[in-house]
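My request is simple: use the sequences and hints to build the entire structure.
Protein chains in written order, with the working numbering: chain A, 1092 to 1205; chain B, 553 to 664.
These are computed hints drawn from the structure, not numbers from a lab. Since this is a predicted model, take the numbers as computed values, not measurements. Glycine residues also receive a C-beta, built at the ideal position from the N, C-alpha and C atoms. Wrong hints could be hidden among the right ones.
To be verified - Label-pair restraints from in silico Cβ distances: (1) A/Gly1094 with B/Lys620: 30 to 40 Å; (2) B/Ala593 with A/Met1110: 16 to 26 Å; (3) B/Thr597 with A/Thr1111: 24 to 34 Å; (4) A/Ala1093 with B/Gly612: 20 to 30 Å; (5) B/Gln633 with A/Thr1106: 36 to 46 Å; (6) A/Pro1152 with B/Gln633: 24 to 34 Å; (7) A/Ser1158 with B/Lys663: 23 to 33 Å.
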Amino acid sequence: NAGVTQTPKFQVLKTGQSMTLQCAQDMNHEYMSWYRQDPGMGLRLIHYSVGAGITDQGEVPNGYNVSRSTTEDFPLRLLSAAPSQTSVYFCASSNGGGVEETQYFGPGTRLLVL
Amino acid sequence: DQQVKQNSPSLSVQEGRISILNCDYTNSMFDYFLWYKKYPAEGPTFLISISSIKDKNEDGRFTVFLNKSAKHLSLHIVPSQPGDSAVYFCAASDNQGGKLIFGQGTELSVKP
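See below:
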């Protein structure tokens, strides 16, 4: 049981390039989320999904796209990277809302946009 | 507008003493609160949580207190150990799956 996995661990992009951050979970969780962590800002929600085929925006969705074709995978796409997207990205999954809202996090992807 | 706030960026305590980390929130719709611990270059790991119908939850050395009227929660670590040195985030949920709102984090340093 690997939990939540993320690839790559580290990536350098040039401004304007695109890339996809991968996230997978093997806990059969319905809910998956993407956060970014910046110094002094905590973790901010980018996009989330409550099940396959269903996604919604979080606090900071601009510049990012997501899709959820399977329960296991929730990729995050940067269509045209900007230096402001330099951050550490975390994917998380959980069983549900309310008292089940304990999210389990992956190890993170560190992204540098030059 | 920051709905969850941790006003102390850092805290330093002696080994064996109590560590108290504080968190304030503004949204009265939050009904579930969590604390996460994060080491450098790792993802956050769940530590302890509390439902809004309770005012205290204890798990070993960790206790979370919730004061709904003050919209304030705190995490107590007793006794503190050097391995507790990490960044601690509080987070809140309004019963909508997949969405947690996090505070800015408090870096705890436990000195031997």
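Now the hints, each set against the structure:
no.	hint	result
1	A/Gly1094 with B/Lys620: 30 to 40 Å	holds, 33 Å
2	B/Ala593 with A/Met1110: 16 to 26 Å	holds, 20 Å
3	B/Thr597 with A/Thr1111: 24 to 34 Å	holds, 26 Å
4	A/Ala1093 with B/Gly612: 20 to 30 Å	holds, 26 Å
5	B/Gln633 with A/Thr1106: 36 to 46 Å	holds, 44 Å
6	A/Pro1152 with B/Gln633: 24 to 34 Å	violated, 39 Å
7	A/Ser1158 with B/Lys663: 23 to 33 Å	violated, 47 Å
The structure shown violates the earlier hints numbered 6 and 7.
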